[in-house]
Amino acid sequence: MSTYLFPGQGSQAKGMGNHLFKIFPEKVAAADNSLGYSIAELCEDLERLNQTQYTQPALYVVNALSYYQKIAETNKKPDYLAGHSLGEYNALLAAEVFNFETGLILVKKRAELMSQVSGGAMAAVIGLTAEAVQTILEQENLKEVNIANYNSYAQVVISGARNLVVCTQAIFEKAGASLFIPLKVSGAFHSPLMETAQQAFKEFLTGFNFTPPSIQVITNVTAKPYQSDHIHALLAQQITSPVRWTSSIEYLLQQGETEFLEVGPGTVLTGLLRRIKNAQ
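Residue numbers (our numbering): 46 to 325.
Each hint should be verified, as a subset may be incorrect.
Label pairs and their computed distance ranges (CB to CB) [claimed, not checked]: (1) T119 to K247: 34 to 40 Å; (2) A117 to A58: 35 to 41 Å; (3) I68 to Q179: 29 to 35 Å; (4) G221 to N95: 29 to 35 Å; (5) E304 to R93: 23 to 29 Å; (6) A74 to K219: 52 to 58 Å; (7) K269 to N144: 35 to 41 Å; (8) K121 to P257: 41 to 47 Å.
Just so you know, the hints here were simulated from the structure itself, not pulled from any lab data. Please read all numbers here as calculations on a predicted model, not as lab measurements. Glycine included, each C-beta is placed from N, C-alpha and C at the ideal position.
Start from the sequences, fold in the hints, and give me the full structure.
This is the structure:
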């Protein structure tokens with residue numbers, strides 16, 4: 046079996062997609078037309094590329110073109126698909142739930158709504174288990190700080206009000222965290238603070254019809270395969286729900302021997318996969 050993994054925000058890099066834009070000029074033209082700006086120029090402008098409203102569409106396009114190239118090379122589709130946060134849209138695209146252009150419209154709107162929610166922050170806590178992090182948050186009465194990403198057994202990302210997230214660094218380091226890394230994002234993604242964005246996106250989604258997945262896609266919200274009648278709800282919920290990446294990988298490993306391939310820029314998910322497998 047084979048599983049394709051699509052990365053999300055944080056995997057962007059200046060110059061990403063350069064060679065792909067030359068191979069798929071029609072897709073690039075469609076993206077430029079839909080976005081109202083040049084995707085190739087965006088990927089050369091690191092300052093813009095690191096802004097949420099631009100990061101997500103750029104990654105969606107580069108992930109998609111990477112997938113098209115991989116299919117052209119192998120002439121074979123994977124058995125399972127998963128994507129980390131934004132990457133889940135590429136997994137759904139690969140499963141033919143929607144086409145390239147529709148996916149880009151969804152991602153553009155999602156990015157705009159998420160970027161408009163300010164005052165939040167996120168940080169990676171490395172070297173502590175999710176259980177330890179959750180216990181500390183409860184002991185310190187930090188009710189407005191939540192675990193946003195369960196990335197591996199010893200790496201989680203927290204999300205919440207900026208002043209509170211900043212205050213947790215000393216607490217987690219004292220508890221034994223090996224690293225505390227503030228993320229370059231403008232909002233508290235995958236937390237209840239994104240409720241306004243979630244509600245607006247839920248309303249936006251009502252204007253779209255989706256096709257049942259042709260390949261099983263593991264959803265971030267439940268770490269289980271998408272059900273065709275839950276696509277709208279899960280895409281909206283994803284904005285405020287944590288990314289259950291560790292559980293998603295566990296589910297995929299339980300399905301039998303599978304080859305994992307990260308499709309898109311960087312190797313973030315490959316590193317997380319290795320750490321999850323090594324810890325089992």
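How the hints compare with the structure:
Our hint of 34 to 40 Å for T119 and K247 holds, since their Cβ atoms are close to 36 Å apart. The given range of 35 to 41 Å is broken by A117 and A58, whose C-beta atoms sit roughly 23 Å from each other. The given range of 29 to 35 Å is broken by I68 and Q179, whose C-beta atoms sit roughly 45 Å from each other. For G221 and N95, the Cβ-Cβ distance of about 31 Å falls inside the hinted range of 29 to 35 Å, so the restraint holds.
About 35 Å separates the C-beta atoms of E304 and R93, a value inconsistent with the hinted range of 23 to 29 Å. Distance hint check: the CB atoms of A74 and K219 are about 54 Å apart, consistent with the given range 52 to 58 Å. Between K269 and N144 the beta carbons are some 25 Å apart, a value that contradicts the proposed interval 35 to 41 Å. Roughly 21 Å separates the CB atoms of K121 and P257, a value that falls outside the hinted 41 to 47 Å.
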